[in-house]
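Chemist: Spelled out, the chains give:
Protein chains: 6
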Amino acid sequence: MQNLVKGVHYFQNIGFQQQQKLFEQLAEGQAPEACFITCSDSRIDPNLITNSAPGSLFIVRNVGNLIPCYGTSNNGEMAAVEYAVTALGVKHIIVCGHTACGAMRAVVEGGTAEKLPAVTNWLRHADSTGAIVKEHYQHLSGAELITAAAQENVLVQLEHLRTAPVIATKVSRGQITLHGWMYKIETGQIFAYDSAVHEFRPVLEVEDGSDDESPRYRSRAIA
Amino acid sequence: MQNLVKGVHYFQNIGFQQQQKLFEQLAEGQAPEACFITCSDSRIDPNLITNSAPGSLFIVRNVGNLIPCYGTSNNGEMAAVEYAVTALGVKHIIVCGHTACGAMRAVVEGGTAEKLPAVTNWLRHADSTGAIVKEHYQHLSGAELITAAAQENVLVQLEHLRTAPVIATKVSRGQITLHGWMYKIETGQIFAYDSAVHEFRPVLEVEDGSDDESPRYRSRAIA
Amino acid sequence: MQNLVKGVHYFQNIGFQQQQKLFEQLAEGQAPEACFITCSDSRIDPNLITNSAPGSLFIVRNVGNLIPCYGTSNNGEMAAVEYAVTALGVKHIIVCGHTACGAMRAVVEGGTAEKLPAVTNWLRHADSTGAIVKEHYQHLSGAELITAAAQENVLVQLEHLRTAPVIATKVSRGQITLHGWMYKIETGQIFAYDSAVHEFRPVLEVEDGSDDESPRYRSRAIA
Amino acid sequence: MQNLVKGVHYFQNIGFQQQQKLFEQLAEGQAPEACFITCSDSRIDPNLITNSAPGSLFIVRNVGNLIPCYGTSNNGEMAAVEYAVTALGVKHIIVCGHTACGAMRAVVEGGTAEKLPAVTNWLRHADSTGAIVKEHYQHLSGAELITAAAQENVLVQLEHLRTAPVIATKVSRGQITLHGWMYKIETGQIFAYDSAVHEFRPVLEVEDGSDDESPRYRSRAIA
Amino acid sequence: MQNLVKGVHYFQNIGFQQQQKLFEQLAEGQAPEACFITCSDSRIDPNLITNSAPGSLFIVRNVGNLIPCYGTSNNGEMAAVEYAVTALGVKHIIVCGHTACGAMRAVVEGGTAEKLPAVTNWLRHADSTGAIVKEHYQHLSGAELITAAAQENVLVQLEHLRTAPVIATKVSRGQITLHGWMYKIETGQIFAYDSAVHEFRPVLEVEDGSDDESPRYRSRAIA
Amino acid sequence: MQNLVKGVHYFQNIGFQQQQKLFEQLAEGQAPEACFITCSDSRIDPNLITNSAPGSLFIVRNVGNLIPCYGTSNNGEMAAVEYAVTALGVKHIIVCGHTACGAMRAVVEGGTAEKLPAVTNWLRHADSTGAIVKEHYQHLSGAELITAAAQENVLVQLEHLRTAPVIATKVSRGQITLHGWMYKIETGQIFAYDSAVHEFRPVLEVEDGSDDESPRYRSRAIA
Ligand SMILES: [Zn+2]
Ligand SMILES: [Zn+2]
Ligand SMILES: [Zn+2]
Ligand SMILES: [Zn+2]
Ligand SMILES: [Zn+2]
Ligand SMILES: [Zn+2]
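Chains as they are written, first to last, in the working numbering: chain A, 1443 to 1665; chain B, 1443 to 1665; chain C, 1443 to 1665; chain D, 1443 to 1665; chain E, 1443 to 1665; chain F, 1443 to 1665.
These aren't lab readings, by the way, just hints derived from the structure by calculation.
Some hints could be false.
To be verified - Straight-line distance between alpha carbons at most 25 Å, and here's what the computed DMTMM-like set of lysine to aspartate or glutamate pairs gives: (1) F/1626 x E/1641; (2) A/1448 x B/1556; (3) B/1557 x E/1470; (4) E/1626 x E/1650; (5) C/1626 x C/1636; (6) F/1448 x E/1556; (7) F/1533 x E/1636; (8) F/1448 x E/1641; (9) B/1626 x B/1641; (10) F/1626 x E/1556; (11) C/1533 x A/1577; (12) F/1533 x F/1641; (13) B/1533 x F/1466; (14) E/1626 x F/1470; (15) F/1533 x B/1556; (16) E/1626 x E/1556; (17) F/1448 x F/1466; (18) A/1557 x F/1470; (19) D/1533 x E/1577; (20) A/1448 x B/1577; (21) E/1576 x E/1650; (22) C/1448 x D/1586; (23) E/1557 x B/1647; (24) B/1448 x A/1551; (25) A/1448 x A/1470; (26) C/1557 x E/1650; (27) E/1533 x E/1628; (28) A/1626 x A/1641; (29) C/1576 x C/1636; (30) A/1626 x A/1556; (31) D/1533 x D/1470; (32) E/1557 x B/1556; (33) C/1533 x C/1636; (34) C/1533 x C/1628.
Keep in mind that this is a model prediction, so the values were computed, not measured.
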């Protein structure tokens, strides 16, 4: 705690001044470029890895970067996405998993029910991830297995995201873009899911910055 | 999105190298000092305002830094706290509100049900905040009212936090410390709740770094 | 009720005999070709419109052919799909909407909360449908609007279906196929959603009987 | 899937024409005689076993013909009953179980939690059925036990049905009639519960077509 | 509070001694005759109106003597009944409503949503009561209407009680008896529901002490 | 049941007359001094142990005197407290545990899941109690352990109580007082939690009748 207090002292005396103009501007309101959903893991700093300033990312963080489906009780994730899209006009939502994720280890290994009951319960929102890993990744183990789980989990949570009315409405017409990212802690690399080739590839090759998700269905009625 | 992609490019080529040793070390595991629960608001960068490096803070972020009470469906907030305390051994939990919070504005002003249904539903976890504001802050308005709401909300969410078994167990014996903070966006100042005087005061005056929360009740039985 | 009792009398004396061999065979177990999810509407007879005998279709029927997302309380729809896929080995799931659907009318027109509270609550699983209609179909009205809603609803419910672990696991590897159908009561025509052109087209043109849904993502890890 | 596509082809070209007048009439609206709640089992065709035409039965089908009690989350069964009674004016509700029911086998035998988690969870709405079987049918086994479970389950679900406000209101005054049926797959026979003798008996002997459920309580106040 | 403290003083010095033997006996365990479910209303003292000593009644009290149906979240009422029947062997369950009930007034009059949100929500477990009153008691008003609501509510809650597995199992075989009572505050009279004549009548005429609820259905299978 | 019927007979003929004036007065409305939340245990008679007349205590009773946190589904406990405070103006809420509590035994010993599923589920609202006992009372056993659990449980439930908006609002300003009591069945003694010394002490020493809970936080904003 000592370190944090010292850090606050530093920020209030030095850090803040360095960006004072930005902060005074931000005091009037926020207009973030994207909604960034990632794990609570202390090793991830969204602003650092995207080199973005305060005001750029509307950030949601929980254990395992999960997004409970629409209608599953009263969770904050769907609320955050709704706020980002409807109130702030955000057009990009990034779900970012990472290597060596403790939540994914729990999904893969199980056995946490007694010692971590709330975590175990929460991870049911990653049941699809667990099922996919169980059925398709029996040949992997250790860090590789956890990385595979984290990748599949990003895709699973993107599917969950599509069940939000605000997302379903806009994704179907290409008015919003969903991104699946993976952060590799040990190398600092970021990968993005490329739906054209069904693979995670270096983010700089996948995200060209153009907003091109084509509509998934059109309105022509059957008669 | 262009900016973010450029930022990732910068981080991968320059930012990462600057802290490469730390990241390589972190690849082996995390041991954060504190669990930091704050709002999704893009203007808050927990690592920046505490001047702390990756690995220092286990971070939970949602709209309004809310913590649904124990037993309220399957929310991630209690899971995160459980993971931080039980799996990572974290001894400090900070709930950090902020000025000009959009969630608090919604709590105070209402009227969001139709346009922001998921947000409105989520904010029911701040019903106590809304009730307190309604009964005790009728004399305030505008930014002042929202700041008051954000402060009361920090205290309300700390009460919610106490309902988690893992917290109830340790707080009652002084093995863990809960902190209520407020971040003032326009000045960069951080305030902490001082339970001795029932006020938020500059964090540097309140948090002396000693872990002194005394036990709230002892075990002497009635017979 | 008189008619039904007479009908039972007819079946027990005449109808049953006509297919006695089939029934005796079925007494030993079922092995349906597909899981058919449609509306409770009395005008739809799944076996009739597919000219299929008892034993062919595992049938789920509710108001509006809705499929609550995974994790939304304890609904029977996900249970039925799990049973069909895991216990019965079904490889095709058909979600079949229809024209002139009363549920869709309620979604589009609203105003049912007081007179039909349970229906209104249930239709929240079609909130995405309602949002899509509101945002993209303002130019339609009457029967056309309801048909458009029914079509979009089929696609929304297919997205919900993907959140079931058993489906997520198999769809991602092309081991199961999801079909979106629309039944036009007044003409007896059936249309199927063609994902290649984002349109509902005559079922005979879309469903060639081959099981060709390609995998949506592969397993190549990021490292 | 090939068979179904061929069947649709047949219906569109031949089947539809055979009842074209009926379908054109039905295009204007439905007025079913009864609400028929039965199992998703592919071997049951409600229209076939009651020899009834499209438009006659408002049909609800799920695994085990269960009806979650009023207030248990957001299930479609109560919504369907409400729609049938309030919007369509249906006066008869039939809950129809069947022999050799896979759901009842799961209730009786248990052990499905790991392989069929969603089914297992759903079957908690048949917990009373399981408890009754456990306490009163220890002397039975095999098909007999499953048949007994299916019968008791019909009665349990009828009790659940009574908790719907729309049913409670009308049943207490004899304005609606609830029927408990059992379909014997191997013989095509249908039995109805006869509350006078507490037994399932051939439907033709029990259902005479008269609507005679007397009111269960009157309004004379205690003072 | 002064009065209560004085009352405790009195009990500890005088009241306890008067029944000391009974209390010493009770210290070893309880074996109550019945489970008594009534309203939280301060004017009802179950032990007083049945002239029964400590140890006689296992008592559940909430606003409106409601019993949420089986499966509706995690309520204490079903738990209490289960404990009474299974752990304590209780064979009689009494649901006791009363005249001038504030909860029934809220059910009948509505309009409490804003000022009493939790109460309003809780009273949804009396939705059937509200629906019955609305449909069948339009000719009553004032105290008479509230009394009628309280009577119907007792019957509604008895139906809810039947959905508990432990009750369903035993009621169907006559191993337990459910009683519907009404307490008239102004006269001290107690009435019991007489299912033979569908009326509430003086308890002394209805309850003859014999346990005669005949089984509601027997086990003879359909084949 | 015979005894209860005789008791009713006695009350109607003798008991009622003894307090007839009070009852006639009460018929016009209730104005209880306190809301008393205690266990369903038959050995506790709240009116007896506080020597208070009908009309004095608004009583909530369930297994284990639990108070599910705010937001945990639709429980009656929060509704009762809201009704007591808002509609009846009650200023004192007493949560009263007791020695030899069967619910606490279940919390401490576990193993009730199969035989008492509803009870086990309900007791999750005492998970914090169970966790505290497990971590801090390993040195106790038998009756002592259960008494310790009951004491800690009173404190846990008081924390839950604070999450109700109506309580949070008033407690923070000292407008309502919460009391934690323990009733010792074998001696008739009542103890109250003394927050100044973190101990349960004889109620007559702790509760001096003055309403002195000081506000927990004030309104001075951070700027
Ligand atoms: Zn992680
Ligand atoms: Zn905020
Ligand atoms: Zn329909
Ligand atoms: Zn079946
Ligand atoms: Zn009452
Ligand atoms: Zn107890």
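Chemist: Assess, step by step, whether the Cα of residue 1448 of chain A is no farther than 25 Å from the Cα of residue 1577 of chain B, and give holds or violated.
Modeler: Roughly 37 Å separates the two Cα atoms, so the pair is violated.
Chemist: Has the given pair, residue 1533 of chain C with residue 1628 of chain C, been kept, meaning a C-alpha gap of at most 25 Å?
Modeler: violated (30 Å)
Chemist: Holds or violated: residue 1533 of chain B and residue 1466 of chain F, Cα atoms, limit 25 Å.
Modeler: Violated: residue 1533 of chain B and residue 1466 of chain F sit about 59 Å apart, past 25 Å.
Chemist: Against the 25 Å threshold, does the CA-CA distance of residue 1448 of chain A and residue 1556 of chain B hold or violate the hint?
Modeler: violated (44 Å)
Chemist: Does the alpha-carbon distance linking residue 1626 of chain A and residue 1556 of chain A stay inside the 25 Å limit?
Modeler: violated (30 Å)
Chemist: For the pair supplied as a hint, residue 1557 of chain A and residue 1470 of chain F, confirm whether the alpha-carbon distance does not exceed 25 Å.
Modeler: violated (54 Å)
Chemist: For the pair supplied as a hint, residue 1626 of chain E and residue 1650 of chain E, confirm whether the alpha-carbon distance does not exceed 25 Å.
Modeler: holds (20 Å)
Chemist: Would you mind confirming whether the straight-line C-alpha gap from residue 1448 of chain C to residue 1586 of chain D stays at or under 25 Å?
Modeler: It is violated: about 28 Å lies between the C-alpha atoms, which goes past 25 Å.
Chemist: CA of residue 1533 of chain F to CA of residue 1636 of chain E, is that 25 Å or under?
Modeler: Given pair residue 1533 of chain F, residue 1636 of chain E is violated - Cα atoms ~41 Å apart, limit 25 Å.
Chemist: For a C-alpha distance cap of 25 Å, please report whether residue 1557 of chain E and residue 1556 of chain B respect it.
Modeler: holds (21 Å)
Chemist: Taken at face value, is the distance from the CA of residue 1650 of chain E to the CA of residue 1576 of chain E at most 25 Å?
Modeler: Not OK: residue 1576 of chain E and residue 1650 of chain E at ~34 Å, beyond 25 Å, violated.
Chemist: Between the alpha carbons of residue 1533 of chain E and residue 1628 of chain E, is the straight-line distance 25 Å or under?
Modeler: Between residue 1533 of chain E and residue 1628 of chain E the Cα gap is close to 30 Å, so the pair fails against 25 Å, i.e. violated.
Consistency with the previously given hints fails for numbers 1, 2, 3, 6, 7, 10, 13, 15, 16, 18, 20, 21, 22, 23, 24, 25, 26, 27, 30, 34, ordered from lowest to highest.
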